[in-house]
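S.K.: Listed here are the chains, written in short residue letters.
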Amino acid sequence: MIEGADVRTLLDGNGHARVSQEGHRHQHDDPVADEHGHDAHGHDEHEHEQHEHGHDEHEHGQHAQEQDAHDHHAMMEVTGEPSADGLVMEDLEFELGPLSAVLPGGVMATLTLDGDVVESCGLRATLVSADLRVPDPLACAAWSAIQRDTEASMGRVFDVELERAVSHAAWLTRLGRVLGWAELADGARRILGHALSAREGHHEALRESLRAAERLHGRLECSRRLRFRLRGRAVVDRGTVEAYGLTGPAARAAGVAFDARVDDPAYGALGFAPALRAAGDAEARTLVRLEEIAVSLGLALRGLDHGADAPAAPAIEGPRGPLRHNAVSGGLEASGAAALLRVAGERAAGLEWSDAIAAITSFDLSGWRVAG
Amino acid sequence: MSNWTPLAVLAVALAGALAVALLEQLVGGLRPAPIAILRRAAALLDEPLSAPHRPDAWLYHLAPPLLLAAAMLALATVPWAPGFRGIDLSTGAILFSAALAYVSPAVFMAGWGSGAPLAVLGGFRFLALMLAYAMPLAMVVTAVAAPAASLRPTAIVEAQDSVPMLVSQPLAFVLFVPAAMAVALLPPFDLAHASAELGGGALGHYSGVHAALVGLAQRVLVVAVAGMTVTLFLAGWHGPLLPPAVWMVGKTVAVATLLLWGARRVPRPPLDWLVAWTWKLAIPAALGVIVWGGLVTLLFYR
Numbered sequence: 001m002i003e004g005a006d007v008r009t010l011l012d013g014n015g016h017a018r019v020s021q022e023g024h025r026h027q028h029d030d031p032v033a034d035e036h037g038h039d040a041h042g043h044d045e046h047e048h049e050q051h052e053h054g055h056d057e058h059e060h061g062q063h064a065q066e067q068d069a070h071d072h073h074a075m076m077e078v079t080g081e082p083s084a085d086g087l088v089m090e091d092l093e094f095e096l097g098p099l100s101a102v103l104p105g106g107v108m109a110t111l112t113l114d115g116d117v118v119e120s121c122g123l124r125a126t127l128v129s130a131d132l133r134v135p136d137p138l139a140c141a142a143w144s145a146i147q148r149d150t151e152a153s154m155g156r157v158f159d160v161e162l163e164r165a166v167s168h169a170a171w172l173t174r175l176g177r178v179l180g181w182a183e184l185a186d187g188a189r190r191i192l193g194h195a196l197s198a199r200e201g202h203h204e205a206l207r208e209s210l211r212a213a214e215r216l217h218g219r220l221e222c223s224r225r226l227r228f229r230l231r232g233r234a235v236v237d238r239g240t241v242e243a244y245g246l247t248g249p250a251a252r253a254a255g256v257a258f259d260a261r262v263d264d265p266a267y268g269a270l271g272f273a274p275a276l277r278a279a280g281d282a283e284a285r286t287l288v289r290l291e292e293i294a295v296s297l298g299l300a301l302r303g304l305d306h307g308a309d310a311p312a313a314p315a316i317e318g319p320r321g322p323l324r325h326n327a328v329s330g331g332l333e334a335s336g337a338a339a340l341l342r343v344a345g346e347r348a349a350g351l352e353w354s355d356a357i358a359a360i361t362s363f364d365l366s367g368w369r370v371a372g
Numbered sequence: 373m374s375n376w377t378p379l380a381v382l383a384v385a386l387a388g389a390l391a392v393a394l395l396e397q398l399v400g401g402l403r404p405a406p407i408a409i410l411r412r413a414a415a416l417l418d419e420p421l422s423a424p425h426r427p428d429a430w431l432y433h434l435a436p437p438l439l440l441a442a443a444m445l446a447l448a449t450v451p452w453a454p455g456f457r458g459i460d461l462s463t464g465a466i467l468f469s470a471a472l473a474y475v476s477p478a479v480f481m482a483g484w485g486s487g488a489p490l491a492v493l494g495g496f497r498f499l500a501l502m503l504a505y506a507m508p509l510a511m512v513v514t515a516v517a518a519p520a521a522s523l524r525p526t527a528i529v530e531a532q533d534s535v536p537m538l539v540s541q542p543l544a545f546v547l548f549v550p551a552a553m554a555v556a557l558l559p560p561f562d563l564a565h566a567s568a569e570l571g572g573g574a575l576g577h578y579s580g581v582h583a584a585l586v587g588l589a590q591r592v593l594v595v596a597v598a599g600m601t602v603t604l605f606l607a608g609w610h611g612p613l614l615p616p617a618v619w620m621v622g623k624t625v626a627v628a629t630l631l632l633w634g635a636r637r638v639p640r641p642p643l644d645w646l647v648a649w650t651w652k653l654a655i656p657a658a659l660g661v662i663v664w665g666g667l668v669t670l671l672f673y674r
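Line order of the protein sequences matches chains A and B. Per this note's numbering, the very first residue in the first sequence carries number 1; after that it's consecutive. Per this note's numbering, the very first residue in the second sequence carries number 373; after that it's consecutive.
These aren't lab readings, by the way, just hints derived from the structure by calculation. Take the hints with a grain of salt, since some may be wrong.
Here are the computed distance ranges between Cβ atoms for each label pair [to be verified]:
| id | chain 1 | residue 1 | chain 2 | residue 2 | range |
| --- | --- | --- | --- | --- | --- |
| 1 | B | I655 | A | A243 | 31 to 39 Å |
| 2 | B | R426 | A | A130 | 49 to 57 Å |
| 3 | B | G634 | A | E221 | 40 to 48 Å |
| 4 | B | P656 | A | C222 | 43 to 51 Å |
| 5 | A | D186 | B | R426 | 17 to 25 Å |
| 6 | A | S120 | B | L434 | 43 to 51 Å |
| 7 | A | L304 | B | W651 | 50 to 58 Å |
| 8 | A | A130 | B | I655 | 39 to 47 Å |
| 9 | B | G622 | A | E221 | 56 to 64 Å |
| 10 | B | L434 | A | E352 | 38 to 46 Å |
Incomplete in silico selection of chain B near chain A, CB under 8 Å [said to hold, decoys possible]:
| id | residue |
| --- | --- |
| 11 | A413 |
| 12 | A414 |
| 13 | A415 |
| 14 | L493 |
| 15 | D562 |
| 16 | A566 |
| 17 | L570 |
| 18 | G571 |
| 19 | G634 |
| 20 | R636 |
| 21 | D644 |
| 22 | A648 |
| 23 | K652 |
| 24 | P656 |
| 25 | R674 |
Selected chain B positions facing chain A (in silico; Cβ < 7 Å) [what the hints assert, rightly or not]:
| id | residue |
| --- | --- |
| 26 | P427 |
| 27 | A429 |
| 28 | P560 |
| 29 | S567 |
| 30 | E569 |
| 31 | R640 |
| 32 | P642 |
We put the CB at the ideal spot given by N, CA and C, even for glycine.
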């Protein structure tokens, strides 16, 4: 499933560096041999007989040694376009996923590397749910909440917001691991642990989770370490959001206040306002989700205490964007998911490997897709 | 050095590796579980070897033993007590740097030998990282040896009987610690073998006894660099009341804990940023440290 190119053909002893599985193909294009009018293979004995020096394969080898002595650079000649720093390197093409530790589960990437810089990156989601009405079975609480649109209840707010907090906290743990920042991963895991307990019915854990979330949010809001690692990476501006139809935290991090909860009377009754940032970079997406964790846990707590019901809205705002019930197909749809994969791949291009992986992670991609 | 030294170094390596594994659990907020660690190691030894898709066999199989040999040789240069001084060569401090110089070919061999794209990328990254840490590491050792007028580690310890080098050459300590963390494959300098960024990178394609050797080598490296940090900067085994070996072990555990704790606090820096700032800042500072070491020697040690 994970295929790696044999990188050692890049510096093959044949003297030509081409990414190829077939050694013979190299020699047909041997410019050094072409200079001297030779067939580099030396297969054609008729040509050899006709040669005025009467070469045989042994003499051809000697002649090749003389050619090498004349031009050392031919031994290490690399063909291709120069990179941004002027070095000419062969591209490395390979696929990663869907079970790679580097990418979210289910996401596959087709990558071309120029040295350690990502030249191009194509991302796709490969997991299809057996139950086509639920695109992401791992976020079942969020999805199942939309099926209760005929039953308006604050319980829906509790379920959806807790699901969002759990999803974002799990994502934050992953971001901490990708950045090699164990302290961040530990903080996120603390929030996640308490939120999972709350999901299983221990509502006192909700307050613990909220306290941990507010502490982490306060520390990271002005964190120089976070800024150093994520600021200015993979910027998505308002124009891109509108052109691609992006939704969810990625859009809100670019200043586009599109959130299905704004139109939901239940959230209005709880005094909800969406978390927004303007920069649109990886740092902004991280801070938006951090703020949403604290806001979601607060909403879940207030929803528990509120008691009163409100009319249902046609869509809910899932952790990655709005989730709607499709009356025609009878299924559920997550608009913006495919666009997010496309934008993440495009923004990773041109970045050095560690920045590219951090940028892809900052989009919180899902490996699940709706079939058809 | 006696006939027992190799066995003693091996014993220190195994005990030290277990201690580092326990410290990793402690620093990570987990309950230390030595039996579980030993069980996991035994399970690794029991696991079948599985080579990657297209390995370069010689390099792939030789890299873990080379890494362990480098770690053990570096550890052997650390003096633990007046009665147990390790190899105790007159050029022991340089032998320490020379032994650690084999870490980079070992990691590169592991990456190249694995034949997978991210493993090769990890190998090349470690070579670039070596450009960043190797010079400060070696230059600081020179500066610290000057007041002792010797490269013998025990002489450097004896020169600190009144004032540790941490006090007389603090900048040397500040430069040495990150370089030591990098050569010991510790975060935030785990650019070559990051699990979530490179899928294990250069060291991620090993299983069974190879994985056990790599894990052991990483922990022995931590013990070696922590022990040498104490030798060079914290006056080695000197201390009141307690036996010298207790002081040395206690200080080494403290330094190892500090290294492991610090490893969790900072995100992994981008490689080009790291190399650029090391060459612009750390290496000139290391030159300054050598000059400062000379001044300190002239003023206070002659």
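S.K.: Can A415/B be said to touch chain A, with a Cβ gap under 8 Å?
M.R.: violated, 20 Å
S.K.: Restraint: P642/B near chain A, CB-CB cut 7 Å. Satisfied or not?
M.R.: holds, 6 Å
S.K.: Tell me if the beta carbons of L434/B and E352/A are separated by a distance inside 38 to 46 Å.
M.R.: violated, 30 Å
S.K.: For the hint on E569/B, does the least C-beta distance to chain A fall short of 7 Å?
M.R.: Because about 5 Å separates E569/B from the closest Cβ in chain A, which is inside the 7 Å limit, the hint holds.
S.K.: Quick check on G571/B please, does its C-beta sit within 8 Å of some C-beta on chain A?
M.R.: Where the cut-off is 8 Å and the nearest Cβ of chain A is about 5 Å from G571/B, the hint holds.
S.K.: Using the C-beta atoms of L304/A and W651/B, is the stated range 50 to 58 Å upheld?
M.R.: holds, 57 Å
S.K.: Does P656/B pass the interface hint, meaning its C-beta sits closer than 8 Å to a C-beta of chain A?
M.R.: violated, 22 Å
S.K.: Using Cβ atoms only, decide whether L493/B comes closer than 8 Å to chain A, and label the hint accordingly.
M.R.: Status holds, d = 6 Å.
S.K.: Starting from the hint 43 to 51 Å, judge whether the C-beta atoms of P656/B and C222/A obey it.
M.R.: violated, 31 Å
S.K.: Next item in the hint list is A566/B. Is there a CB on chain A closer than 8 Å to its CB?
M.R.: holds, 6 Å
S.K.: Quick one, is the L570/B hint okay against chain A at 8 Å, beta carbons?
M.R.: Cβ of L570/B sits 7 Å from chain A, so the hint holds.
S.K.: Answer holds if the nearest beta-carbon of chain A is closer than 8 Å to that of G634/B; otherwise answer violated.
M.R.: violated, 10 Å
Consistency with the previously given hints fails for numbers 1, 2, 3, 4, 5, 6, 8, 9, 10, 11, 12, 13, 19, 22, 23, 24, 25, 26, 27, ordered from lowest to highest.
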